[in-house]
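Protein sequences, first through last, are from chains H and R. Just so you know, we're using my numbering here: the first sequence kicks off at 262 and counts up by one. Just so you know, we're using my numbering here: the second sequence kicks off at 402 and counts up by one.
Worth double-checking, as some hints may not be accurate.
Keeping only pairs whose Cα atoms sit at most 30 Å apart, straight-line, the calculated DSS-like set for lysine-lysine is [as the list claims (entries may be wrong)]:
hint	chain 1	residue 1	chain 2	residue 2
1	H	Lys306	R	Lys442
2	H	Lys340	R	Lys452
3	H	Lys306	R	Lys445
4	R	Lys452	H	Lys303
Pair ranges (Cβ atoms, derived) [to be verified]:
hint	chain 1	residue 1	chain 2	residue 2	range
5	H	Ala281	R	Ser454	26 to 32 Å
6	R	Gly472	H	Ser289	36 to 42 Å
7	R	Glu458	H	Asp300	25 to 31 Å
8	H	Leu335	R	Gly404	24 to 30 Å
9	H	Lys306	R	Ser428	14 to 20 Å
Calculated from the model, a selection of chain H residues having no Cβ within reach of chain R, i.e. all distances over 10 Å [said to hold, decoys possible]:
hint	residue
10	Glu304
11	Ser313
12	Thr322
13	Lys340
14	Ser357
15	Phe361
16	Lys363
Just so you know, these hints were derived from the structure itself, not from any lab. Heads up, the beta-carbon is just placed ideally off N, CA and C, and yes, glycines get one too.
Next come the chains, spelled out residue by residue.
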Amino acid sequence: RKEVEQDPGPFNVPEGATVAFNCTYSNSASQSFFWYRQDCRKEPKLLMSVYSSGNEDGRFTAQLNRASQYISLLIRDSKLSDSATYLCVVNMAGYSTLTFGKGTMLLVSP
Amino acid sequence: EAGVTQFPSHSVIEKGQTVTLRCDPISGHDNLYWYRRVMGKEIKFLLHFVKESKQDESGMPNNRFLAERTGGTYSTLKVQPAELEDSGVYFCASSPLPVLVSNEQFFGPGTRLTVL
Numbered sequence: 262r263k264e265v266e267q268d269p270g271p272f273n274v275p276e277g278a279t280v281a282f283n284c285t286y287s288n289s290a291s292q293s294f295f296w297y298r299q300d301c302r303k304e305p306k307l308l309m310s311v312y313s314s315g316n317e318d319g320r321f322t323a324q325l326n327r328a329s330q331y332i333s334l335l336i337r338d339s340k341l342s343d344s345a346t347y348l349c350v351v352n353m354a355g356y357s358t359l360t361f362g363k364g365t366m367l368l369v370s371p
Numbered sequence: 402e403a404g405v406t407q408f409p410s411h412s413v414i415e416k417g418q419t420v421t422l423r424c425d426p427i428s429g430h431d432n433l434y435w436y437r438r439v440m441g442k443e444i445k446f447l448l449h450f451v452k453e454s455k456q457d458e459s460g461m462p463n464n465r466f467l468a469e470r471t472g473g474t475y476s477t478l479k480v481q482p483a484e485l486e487d488s489g490v491y492f493c494a495s496s497p498l499p500v501l502v503s504n505e506q507f508f509g510p511g512t513r514l515t516v517l
């Protein structure tokens, strides 16, 4: 079983749509959770951290369910510039290293 | 402020040759990480330095890979001899504090390695 699992997509949505990505992680000792964004042939960049109470940053909302070991990212009012691969990333307690999912590709069309 | 830089951006070598990748972290960042993404797979951790010391090298695939960070500034990752399965994108990341505290690692643009 993969440590972090994501639907690879692609998710094809029109501009203005709302889209949600899900991610599950296998290690219950995971402590910190993130969504990174990676544009084609570029480096990953932190989009947002995910907190237990859920958090929002503009059009982006992240949720964490520790009991189900499940993380989600909701994007509202999609923009063309949101087209990218979204990486679900976790950090195990006591370790600094990041564990990545394979990513979910989002394509926003006009 | 300059970001993490990596050199070269691309490298094409033949099986059995040696390649050395370089990473310059953001100035002042004590933590330096190497990750790798092979085609079709997720990004995977290789190694973590704190200053010049190897904190965690549990992700290094085998002894053909050697990472150094002399002086605690830039780091090199040498692959010797390279094999076909070493092809992929090698990312370097840095952070001022462990991710447990800072919650962010800053990634370089990566080195795309192709072994023929």
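For each hint, the structure was consulted:
no.	hint	result
1	H:Lys306 - R:Lys442	18 Å, holds
2	H:Lys340 - R:Lys452	40 Å, violated
3	H:Lys306 - R:Lys445	15 Å, holds
4	R:Lys452 - H:Lys303	26 Å, holds
5	H:Ala281 - R:Ser454: 26 to 32 Å	42 Å, violated
6	R:Gly472 - H:Ser289: 36 to 42 Å	39 Å, holds
7	R:Glu458 - H:Asp300: 25 to 31 Å	30 Å, holds
8	H:Leu335 - R:Gly404: 24 to 30 Å	29 Å, holds
9	H:Lys306 - R:Ser428: 14 to 20 Å	19 Å, holds
10	Glu304	4 Å, violated
11	Ser313	14 Å, holds
12	Thr322	18 Å, holds
13	Lys340	23 Å, holds
14	Ser357	4 Å, violated
15	Phe361	4 Å, violated
16	Lys363	4 Å, violated
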